[in-house]
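Residue numbers (the numbering used here): 63 to 222.
Don't take each hint at face value.
Pairwise CB distance ranges (calculated) [said to hold, decoys possible]:
| no. | residue 1 | residue 2 | range |
| --- | --- | --- | --- |
| 1 | E132 | A155 | 29 to 37 Å |
| 2 | F160 | H95 | 20 to 28 Å |
| 3 | A134 | A159 | 29 to 37 Å |
| 4 | S99 | E132 | 47 to 55 Å |
| 5 | D128 | D164 | 46 to 54 Å |
| 6 | F91 | P167 | 27 to 35 Å |
| 7 | S172 | V74 | 42 to 50 Å |
No wet-lab data here; the hints were simulated from the structure.
Beta carbons: idealized from backbone N, C-alpha and C, even for Gly.
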Amino acid sequence: MTREPFTDSPVVTPTVRLLAPFVLTYGLFTLFHGTTSVGGGFQGGVVAAAMVVMLAFALGIRQTVDWLDERALWGLVVAGPVVFGAVALAGIAFGGAFLQFDVLPIAKASVYATEAVEVGIGATVAAVVVVLFVRIADGYSEPTDAASPADNGEEGRTDD
Numbered sequence: 063m064t065r066e067p068f069t070d071s072p073v074v075t076p077t078v079r080l081l082a083p084f085v086l087t088y089g090l091f092t093l094f095h096g097t098t099s100v101g102g103g104f105q106g107g108v109v110a111a112a113m114v115v116m117l118a119f120a121l122g123i124r125q126t127v128d129w130l131d132e133r134a135l136w137g138l139v140v141a142g143p144v145v146f147g148a149v150a151l152a153g154i155a156f157g158g159a160f161l162q163f164d165v166l167p168i169a170k171a172s173v174y175a176t177e178a179v180e181v182g183i184g185a186t187v188a189a190v191v192v193v194l195f196v197r198i199a200d201g202y203s204e205p206t207d208a209a210s211p212a213d214n215g216e217e218g219r220t221d222d
C-alpha cells in the first residue's frame with residue numbers, strides 16, 4: 063500500500079499552529095487543578111497528547127515522528143510509576159509509614175505529594191497516547207530476526 067505524500071493545508075496548518083499553545087496550556091491547567099477542581103493527571107495528559115496528535119495531522123505524521131525524541135517519550139512513560147513510588151516511600155524515609163505525608167518536613171505535604179503524583183500520571187498518560195498514536199499512524203513492523211509460525215506456513219498445524 064502506497065501513501066500519498068503529505069501536503070499542507072492553507073487552512074488547517076495555520077489554525078493548528080495558532081491553537082497548539084492554547085491546547086497545551088489547557089492541558090497543563092487541567093493537570094495542575096485536578097486536586098481542587100475537575101481534572102487531574104489523566105485528563106491533562108490526554109489533552110496534551112491530543113495537541114501532539116493535532117500537530118501530526120496538520121504538519122505531517124512523519125515530520126512529527128522525526129521531531130519526537132523516542133527516549134524522552136519512554137522516559138515519560140515510566141515517570142508516573144517512578145514518581146508515585148518516590149512519593150509513597152517518602153513517608154518511610156522520614157520515619158512514617160507508606161503514603162504517610164504528615165511526617166514530611168514541608169507545609170501542605172499532602173497537597174504537594176498529590177500534585178507530584180498528578181504530574182507523573184499526566185506525563186505517563188500523554189506519552190503512552192503519543193506512542194500508541196505513532197505506532198498506529200506511522201506503522202509498526204516487528205523485527206524480522208525470528209520467523210513466526212505463520213511465516214513458515216505452519217499456522218494451525220499440530221504435531222500429534
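Hints, verified against the model:
1. Remark: the range hint 29 to 37 Å for E132 to A155 is upheld by a beta-carbon distance near 33 Å.
2. Against the hinted window of 20 to 28 Å, the Cβ-Cβ separation of F160 and H95 comes to about 27 Å, which satisfies the hint.
3. Separation of A134 from A159 is about 34 Å and conforms to the stated range, judged on CB atoms against 29 to 37 Å.
4. Range check, S99 to E132: Cβ separation about 34 Å, and the 47 to 55 Å hint is violated.
5. At roughly 48 Å, the beta carbons of D128 and D164 sit within the given window of 46 to 54 Å.
6. Hint check: F91 to P167, Cβ distance near 29 Å, so the stated range 27 to 35 Å holds.
7. Here the CB-CB span from S172 to V74 is close to 44 Å, well matched to the stated 42 to 50 Å.
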